Amino acid sequence: MFAIFSAVIIIFSILTVTSRRILRAATFLLFVLVATGGMYFLLRFNFLAAIQLTLYAGGIVVLIIFSILLTSHIGEKLEKPDMKKIIPAFLAAAFGAVITISTIIQHNFPTEVICGSERTNIRVIAKSLISTEKFGYALPFEVISILLLAAMVGAIILAKKRKD
Amino acid sequence: MFEGVPLTWFLITGTIMFFVGIYGFLVRKNLITILMSTELILNSVNINFVAFNKILYPDHLEGMFFGIFIIAVAAAEASVAIAIIINIYRRLVNIDVEKMDEMKY
Numbered sequence: 002m003f004a005i006f007s008a009v010i011i012i013f014s015i016l017t018v019t020s021r022r023i024l025r026a027a028t029f030l031l032f033v034l035v036a037t038g039g040m041y042f043l044l045r046f047n048f049l050a051a052i053q054l055t056l057y058a059g060g061i062v063v064l065i066i067f068s069i070l071l072t073s074h075i076g077e078k079l080e081k082p083d084m085k086k087i088i089p090a091f092l093a094a095a096f097g098a099v100i101t102i103s104t105i106i107q108h109n110f111p112t113e114v115i116c117g118s119e120r121t122n123i124r125v126i127a128k129s130l131i132s133t134e135k136f137g138y139a140l141p142f143e144v145i146s147i148l149l150l151a152a153m154v155g156a157i158i159l160a161k162k163r164k165d
Numbered sequence: 005m006f007e008g009v010p011l012t013w014f015l016i017t018g019t020i021m022f023f024v025g026i027y028g029f030l031v032r033k034n035l036i037t038i039l040m041s042t043e044l045i046l047n048s049v050n051i052n053f054v055a056f057n058k059i060l061y062p063d064h065l066e067g068m069f070f071g072i073f074i075i076a077v078a079a080a081e082a083s084v085a086i087a088i089i090i091n092i093y094r095r096l097v098n099i100d101v102e103k104m105d106e107m108k109y
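Protein chains in written order, with this note's numbering: chain W, 2 to 165; chain E, 5 to 109.
It is worth saying that the hints were derived from the structure and are not from the lab.
Owing to the predicted nature of the structure, the values given are computational and were not obtained by experimental measurement.
It is possible that some hints are incorrect.
With a straight-line cut-off of 20 Å between C-alpha atoms, the simulated DMTMM-like cross-links for lysine to aspartate or glutamate are [stated by the list, open to error]:
{"hint": "1", "chain 1": "E", "residue 1": "K33", "chain 2": "W", "residue 2": "D83"}
{"hint": "2", "chain 1": "E", "residue 1": "K103", "chain 2": "W", "residue 2": "E80"}
{"hint": "3", "chain 1": "W", "residue 1": "K135", "chain 2": "E", "residue 2": "E66"}
{"hint": "4", "chain 1": "E", "residue 1": "K33", "chain 2": "E", "residue 2": "D100"}
When you get a sec, could you build the whole thing from the sequences and use the hints?
Written out as structure tokens, the structure reads:
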């Protein structure tokens with residue numbers, strides 16, 4: 002199961018950044034996000050997986066597709082990026098990936114840890130989101146809510162039609 | 005299900021996704037595709053948080069909360085970015101990063 006999700010994530014994320022039709026790239030991004038949600042289900046974070054599916058796959062991808070429909074023609078292909086740009090970008094990405102993966106492989110993570118395989122209780126999540134004690138997340142919760150409000154107001158103001 | 009899978013595989017998946025996002029961020033010219041690469045990067049970080057949380061500290065929930073906050077930040081960022089993109093399109097009638105030098109001088 003993990004192998005399937007991992008393969009889907011890797012293949013479709015590569016297709017997302019290389020596809021020359023922009024609507025297809027958005028669809029591949031949707032596949033990547035749904036597979037990530039599946040990986041959360043695999044790790045038994047059901048609430049997080051539900052958020053991933055509704056907010057990412059449902060909200061952000063739909064927003065991106067709407068903006069694609071508003072700003073570009075459907076059948077049109079993006080122009081091919083020139084080699085002068087591809088080679089340094091590919092080298093940078095490959096170099097970083099090789100360094101990071103070799104570090105991960107060399108590090109000995111404890112393997113015999115017993116995994117908590119029970120589902121996360123939604124009541125625990127709700128209580129720690131509003132508690133101010135240790136392991137409570139009341140302050141980040143409020144900060145995020147102000148950030149979302151500011152983003153909403155900013156988006157409305159930016160996208161509004163000007164009078165002049 | 006995931007019990008036989010070591011933490012390393014989750015981290016490698018996240019790493020590959022992250023650097024594919026970096027590659028797309030550097031190569032693409034269209035603003036919306038750059039936004040999609042950013043979403044890939046944020047999502048890969050989320051996988052790492054969640055895998056660390058479940059496999060190393062199964063009785064805590066920090067990784068999951070940070071995952072939730074990252075998703076919220078990503079949603080806010082996407083909405084503002086798309087508002088900016090639509091505004092730019094309305095003024096300049098394209099969203100190619102190399103043709104956008106109105107504010108340069």
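For each hint, the structure was consulted:
| no. | hint | in the structure |
| --- | --- | --- |
| 1 | K33(E) x D83(W) | 11 Å, holds |
| 2 | K103(E) x E80(W) | 14 Å, holds |
| 3 | K135(W) x E66(E) | 11 Å, holds |
| 4 | K33(E) x D100(E) | 6 Å, holds |
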